[in-house]
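Protein chains: 2
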Amino acid sequence: MLGTFAETCDNVTYSRSKIGIYYRESSPATVTGENLAYFDGWKAYEENPFHPIDRPDGVIQMGLAENQLCGDLMRKWVLEHQEASICTEEGVNKFSDIAIFQDYHGLPEFRQAVAKFMEKTRNNKFKFDPDQIVMSGGATGAHETVSFCLANPGDGFLVPTPYYPGLDRDLRWRTGVNLLPVTCHSSNGFKNTVAALEAAYENAHEANILVKGLLITNPSNPLSTVLDRDCLKSLINFTNDKGIHLIADEIYAATTLGQSEFISVAEMIEEIPECNRDLIHIVYSLSKDMGLPGLRVGIIYSYNNQVVNIARKMSSFGLVSSQTQHLIANMLSDEDFVDQFLSERKLRLAARHAELRTGLDGLGIGWLKAGAGFFIWMDLRNLLKTATFDSETELWRVIIQKVKLNVSPGGSCHCHEPGWFRVCFANMDHQTMETALERIKIFTSQLEEESLNRTKPMAKKKKCWQSSLRLSFKDTRRFEDGFFSPQSPVSPSPLLRAHT
Amino acid sequence: MLGTFAETCDNVTYSRSKIGIYYRESSPATVTGENLAYFDGWKAYEENPFHPIDRPDGVIQMGLAENQLCGDLMRKWVLEHQEASICTEEGVNKFSDIAIFQDYHGLPEFRQAVAKFMEKTRNNKFKFDPDQIVMSGGATGAHETVSFCLANPGDGFLVPTPYYPGLDRDLRWRTGVNLLPVTCHSSNGFKNTVAALEAAYENAHEANILVKGLLITNPSNPLSTVLDRDCLKSLINFTNDKGIHLIADEIYAATTLGQSEFISVAEMIEEIPECNRDLIHIVYSLSKDMGLPGLRVGIIYSYNNQVVNIARKMSSFGLVSSQTQHLIANMLSDEDFVDQFLSERKLRLAARHAELRTGLDGLGIGWLKAGAGFFIWMDLRNLLKTATFDSETELWRVIIQKVKLNVSPGGSCHCHEPGWFRVCFANMDHQTMETALERIKIFTSQLEEESLNRTKPMAKKKKCWQSSLRLSFKDTRRFEDGFFSPQSPVSPSPLLRAHT
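Line order of the protein sequences matches chains F and P. Position 108 (the first sequence) corresponds to 108 in UniProt numbering; numbering is contiguous. Position 472 (the second sequence) corresponds to 472 in UniProt numbering; numbering is contiguous.
Treat the hints as calculated values from the structure; they're not laboratory data. Values in this document were obtained by computation on a predicted structure and should not be read as measured data. Do not rely on the hints blindly, as some may be mistaken.
Treat identical chains as interchangeable: a pair holds within one or across any two.
Claimed, not checked - Calculated pairs, DSS-like style, for lysine-lysine (alpha carbon to alpha carbon, straight line, at most 30 Å): (1) 369 to 191; (2) 233 to 191; (3) 76 to 94; (4) 385 to 116; (5) 94 to 120; (6) 191 to 120; (7) 94 to 116; (8) 346 to 127; (9) 441 to 94; (10) 242 to 125; (11) 385 to 94; (12) 116 to 346; (13) 346 to 94.
Please work from the sequences and hints to get the whole structure.
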């Protein structure tokens, strides 16, 4: 009696309620991903969040990819631009017009300002057409809408690993499409290769899954890497050759560090005149680059008019509040502000990145060299008891429960190799970062001390793309030891709690 | 090569693009409804909107169910409550906290304030639990979410006719469920009867469609009727007996006129202790009752915890902007304001309703007696050449092109009987309403004059629930005559334009 959705998509399960009606439910393990460690870490944080005075032993949130370093710049701007709000003396004359505005095309000035901002965050090398912009409820809604537009249930999208765990929910849950992992390896810095794409494409073919596209996240979440020109070109050529879509999630466009250059797919296709642009789509949002995730500004930029038209109709399910459109239109139209904001933001991000990087280097902890992002891809492979995801989870539990840091294990991001962790650094103040580094230091000292006591040799591995890693212990008991706060009883693992 | 979605849901079609990829597309005629007269009328209005000075011959929008009579009350409130905005001196200290807030539970104060508002708009006779409130992207998103939660593709919901055309898009487009019309008749004032429900249920059974629920819109759009106690009780009992869900769209809760009483399903189930509350769900929004459609505040209130949990996860695709949540939480927490607002709003709506009602009565045009709404269900059956929907469309074209009023024909609302039109009255100022009535007067005078010239007898029909209708002409030519502005060439029908 299961519905066709269940038959065509084994990622959605159904349960029979006491009243004899079937509910469509997510199977958390496979679709929403909400029982993955990624989300469990969030729960642990929410139950006991760190506060320097009130909860100094609380969990520090290093699993949240947000930039909270530049709120002051925006607060200053809104105070100086009272006309941007419909709730002020200067702006209230527009209250009624804005409050009743519900055209799914969006305010024209909103789309124009977003297009201009997208150009700025991509170095002003090319133009975006406001008419190709579709709004949606955050990148979450944008991804689902693109998936609904391009694929049928049962079809698949290639996705290089590791990738943001939320994509399983966003692209698959209600659409019934499959995500087909393209395995990337640490041996070459998790690069996307055509060989790996071909292999994944072939696997899908053998499994009778129609591949509809390739989804890349550039800059990468969780790797923080940016695709270089050659790689991006090869991906465009690969998808064009196969006649499949290329969806570029570029929500971290403005997070590059130092001299690193972000190359948008929009820039690259200018250099490939033969490229079929009907196959190119960009997912964007203001959650990362502006630090406004609560405002739910998601963007689909498609070169395909058919997709624009359909997605625009679908946007009715998740339009951006007109109050927010009005504010954003005003803010992003202020080009001087945007220029200064992006410039100052880059400096602050770089400083914070340096702080974490230096801290980890000082402790001999490895991380993937990368050119962007709000996070570092930390290499703790040598701390695993065995090279398995069970060991990774075990280590993660220690980190969350005893070190009290919520980092995201690579397994939750579908990483192929156990032992990697995503560590966010832009969502906290300097003092909290110092506390986090101090905790890691105590943790590693404890491990080192235990190791010396057992006089085991340290197995070092250092690769060209990682800094040194001094720690390498193979002691099962250390994870059971209450090393961080031995006096305190360890609270029951939040992992055992019910999924609400 | 069509996808499973197409196979299981004949309301979604696919077209093969030039690049060999299938796109999922809406079939406008059957799913999005965007080629229905309801939407065509909007297009005609958008191309030539009435303005008393700039476009005195423009189309007057009487197809928009909005209350624009009370914007001044809200403008006054926001100016007096600067702390409610995150963009003011008084409120900016919350800018950062609000801007990064993206918990899909919503701001606790938002849910509390909405629950309280829902109680007020239902006469404070019972309590709503803030924990059962799920937010969504307008009622549009709320309806789709409920549909995704309760039904599988191919399942069906019973929906009494006539109903809001957008439901075809909202409930069906991406979910693949069917809407099963329950035919209501003018002979008893379009009442919902158990006999009609049973018949529709039986039809579905014979068509092998699993019925998952009954969707009612109360107060009704487009009828403006409110369900009485006995009727509502019979619907609850019917759905409970069948073990199917009852979804009550109550977005017009606070639009009752005069002494009319709106009885929420939430009130009624208090009187039916044996009712299985797991089957009861309410869809609500602030678009109609507060007049804030641009802010996209949709609400699902479910008594079923499983639905609450799943819907809350799904709300990630269409969260309400935190900036808007914050404003609404503040505004709706001001109980004195809400009381005064609802009271003043009721007076203004009643006055405007009386204006249209009196105007139509004076012209002998019939309409359905009803106790709520922003619209009147106007009876022009006696103006049809034949009792067909082709004739209805023909008449509608005259009204839109020559009388230049955008009203919504009943056929677009799946009305069973041709000749009914929904006429909105709360989205315009007094002067525009006077102009609209003047145009109708000229129209009817013209028709009457033509009739007298042809000395045809007038066929009057007057039913207990309608006022008198003096007009009854059967002249095919009158629709071709340029009666309203004979000097001006009639512009090509916007109906012939491409659907963008």
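We went through each hint and held it up to the structure:
{"no.": "1", "hint": "369 to 191", "verdict": "within (12 Å within a copy, 69 Å between copies)"}
{"no.": "2", "hint": "233 to 191", "verdict": "within (13 Å within a copy, 63 Å between copies)"}
{"no.": "3", "hint": "76 to 94", "verdict": "both (22 Å within a copy, 13 Å between copies)"}
{"no.": "4", "hint": "385 to 116", "verdict": "neither (50 Å within a copy, 54 Å between copies)"}
{"no.": "5", "hint": "94 to 120", "verdict": "both (28 Å within a copy, 28 Å between copies)"}
{"no.": "6", "hint": "191 to 120", "verdict": "within (27 Å within a copy, 58 Å between copies)"}
{"no.": "7", "hint": "94 to 116", "verdict": "both (23 Å within a copy, 28 Å between copies)"}
{"no.": "8", "hint": "346 to 127", "verdict": "within (22 Å within a copy, 50 Å between copies)"}
{"no.": "9", "hint": "441 to 94", "verdict": "neither (54 Å within a copy, 34 Å between copies)"}
{"no.": "10", "hint": "242 to 125", "verdict": "within (28 Å within a copy, 62 Å between copies)"}
{"no.": "11", "hint": "385 to 94", "verdict": "neither (62 Å within a copy, 46 Å between copies)"}
{"no.": "12", "hint": "116 to 346", "verdict": "within (18 Å within a copy, 44 Å between copies)"}
{"no.": "13", "hint": "346 to 94", "verdict": "between (34 Å within a copy, 24 Å between copies)"}
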